[in-house]
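Visitor: Residue strings, one per chain:
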Amino acid sequence: MSDLKNWQELPLGGVIVEAGSAAKYETGSWRTWKPVTHRENCIHCLRCWEYCPEDAIVLEDGRDAAGAPRKFVQGVNYYHCKGCGLCVHECPVNKEGKVVALGFVRDEV
Amino acid sequence: MTKSTAGKPKIVPMTGAGACAQAMRQINPDVVAAFPITPSTQVVEDFSTFVANGQVDTEFVTVESEHSAMSACIGASAAGGRVMTATSSAGMAYMWELLYVAASMRQPVLMTLVNRALTGPINIHCDHSDSMGARDSGWIQLYSENNQEAYDNLVMAARIAEHPDVRLPLMVCQDGFITSHSIQTMQLEDDKAVRAFVGPHKPLNSVLDTKHPVTWGALDLQDYYIEHKRSQEQGMRNALRVIEEVSADFAKTFGRSYGLFEAYRLDDAEIVLVALSSACGEIKEVVDEMRTKGEKVGLLKIRSFRPFPYAQIGKALSKAKIVTVLDRSASFGAHGPLFVEISATVGSYTANRPLLLGHTFGLGGRELTLRHIEHIISESRICLDKGTVGDRQGLWINVRGDKL
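Just so you know, the sequences run in chain order A and B. Heads up, the first sequence is in numbering that gives the first Met the number 0, so the first residue is 0 and it goes up one at a time. Heads up, the second sequence is in numbering that gives the first Met the number 0, so the first residue is 0 and it goes up one at a time.
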């Protein structure tokens, strides 16, 4: 992270002067385990997206069988994913126990 | 027949606490949040009268504790207001965590601290254990010898604390009861002159500026915390210069001059006493008395304890042969905080190596009489002649059971 600022460049008192700047903060480095999507098993219920505390589940636009627009799970944003595993825990496919839609694997350090 | 007195100062009899309340009235802060505690009560009591009488525009927040008082002050300051409060002893102890928050958020909150012993045993009288405990909190600390100085320091406070190179909270300390409740004749400056001197408050990153939304108090981890603390330290270092600049302008405007410390008859002094606040008045009297007997003695009165002017004091002590430090607070198991700073000064900022002698006095309001001071000076002379302070080091003054 070479873009870290020197103390002279910081606004006084640790104030954050830019709205929405939390998106720039890399929380992915905190991770020891990471969720991995298996799209062939995913039912796109979006429960992982709903539960993710970091908004790290990435969605994409698509159409359902009837042709109506809806969102699909595309994958995980590893810049923000802290590896808490809530998505893996809440995944209904995983809970059924036959196949895995969201795996949880040891992250490489 | 009637002549306008506008613009002219008044000579008035006033208590030290009352004087600070008057300074607050003249400054007319945006917000005051405070909870009364002896012996600072009169500051808040008088000020609430000014609010009730419509003499100020201040939003006066009657909080349920000092923890809330300081929290409200920080919030109001982050909202862009000029903010003041007053407290003592346990009241400031209850503000503890917020003292650090105010300093690290660089909110220039202004406080009148009327120094009082910390419990226990419970005691309402003067010592400096409250402010000395807070010396690492990041607040600028100015100490006042008498009512006039308490008033003058508070008039100067806003310009020091709010200076863009400083932006730190500031406490003006005075001795509980000894000055806070004693009526002294002092000069109260004209309201308009004080207001002009203090000037308008310039908010910085106000939370009420909806066009520029900001976040105050965000989590700060390993990657930035130490940079923010380094920046805070720079504010303190800059404060040394700013205190002198504002004091110089104060002297030009009102005629009373102050430095980072007062060097009283130091020029040829071999024995130098170092102390804070009201004890300095008595020490000056004894110094004068002993000077008539030919003793080369002087006083170094610290005004700015935080930031501590090491280099400047080192220069002032460059001719001293023995430096006797009088601490009005105890750091149990260690030397007093003033002694420690003077030791660091003598160790690193002077070419000469005077003897150093440290005493503790006055805890819980125990009196320090002229005779005690005379004795301390005589004993300092004996140590100087012997070339060692021996077992006098660390003695407590005027304590039954100990030899003075």
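None of these hints come from the bench; they were simulated from the model. Among the hints, a few may not be true.
Here are the computed lysine to aspartate or glutamate pairs in the EDC-like style, where the Cα-Cα straight-line distance is at most 20 Å [what the hints assert, rightly or not]:
#	chain 1	residue 1	chain 2	residue 2
1	A	LYS81	A	GLU49
2	B	LYS314	B	GLU261
3	A	LYS23	B	ASP222
4	A	LYS23	B	ASP219
5	A	LYS4	B	GLU243
6	A	LYS4	B	ASP219
7	A	LYS33	A	GLU53
8	A	LYS81	B	ASP219
9	B	LYS228	A	GLU53
10	B	LYS318	B	GLU243
11	A	LYS81	B	GLU226
12	A	LYS70	A	ASP54
13	A	LYS4	B	ASP266
14	B	LYS314	B	ASP222
15	A	LYS23	B	GLU226
16	B	LYS210	A	ASP54
17	A	LYS33	A	ASP106
18	B	LYS295	B	GLU226
19	A	LYS4	B	ASP222
Visitor: Each hint should be assessed against the structure and marked as holding or not.
Guide: Hints, verified against the model:
1. A/LYS81 to A/GLU49: Judged against 20 Å, a Cα distance of about 16 Å means the pair holds.
2. B/LYS314 to B/GLU261: holds, 13 Å
3. A/LYS23 to B/ASP222: Measuring from Cα to Cα gives roughly 14 Å; hence the hint holds.
4. A/LYS23 to B/ASP219: Measuring from Cα to Cα gives roughly 14 Å; hence the hint holds.
5. A/LYS4 to B/GLU243: Since the Cα atoms of A/LYS4 and B/GLU243 sit roughly 31 Å apart, the hinted pair is violated (cutoff 20 Å).
6. A/LYS4 to B/ASP219: holds, 14 Å
7. A/LYS33 to A/GLU53: holds, 13 Å
8. A/LYS81 to B/ASP219: The given pair, whose Cα atoms are some 17 Å apart, holds under the 20 Å limit.
9. B/LYS228 to A/GLU53: With Cα atoms ~28 Å apart, B/LYS228 and A/GLU53 exceed 20 Å; violated.
10. B/LYS318 to B/GLU243: violated, 23 Å
11. A/LYS81 to B/GLU226: violated, 25 Å
12. A/LYS70 to A/ASP54: It holds: about 15 Å lies between the C-alpha atoms, which stays within 20 Å.
13. A/LYS4 to B/ASP266: violated, 47 Å
14. B/LYS314 to B/ASP222: violated, 39 Å
15. A/LYS23 to B/GLU226: Cα-Cα ~19 Å, so holds.
16. B/LYS210 to A/ASP54: violated, 26 Å
17. A/LYS33 to A/ASP106: holds, 6 Å
18. B/LYS295 to B/GLU226: violated, 47 Å
19. A/LYS4 to B/ASP222: Given pair A/LYS4, B/ASP222 holds - Cα atoms ~10 Å apart, limit 20 Å.
When held up to the earlier numbered hints, the structure conflicts with 5, 9, 10, 11, 13, 14, 16, 18 and fits the remainder.
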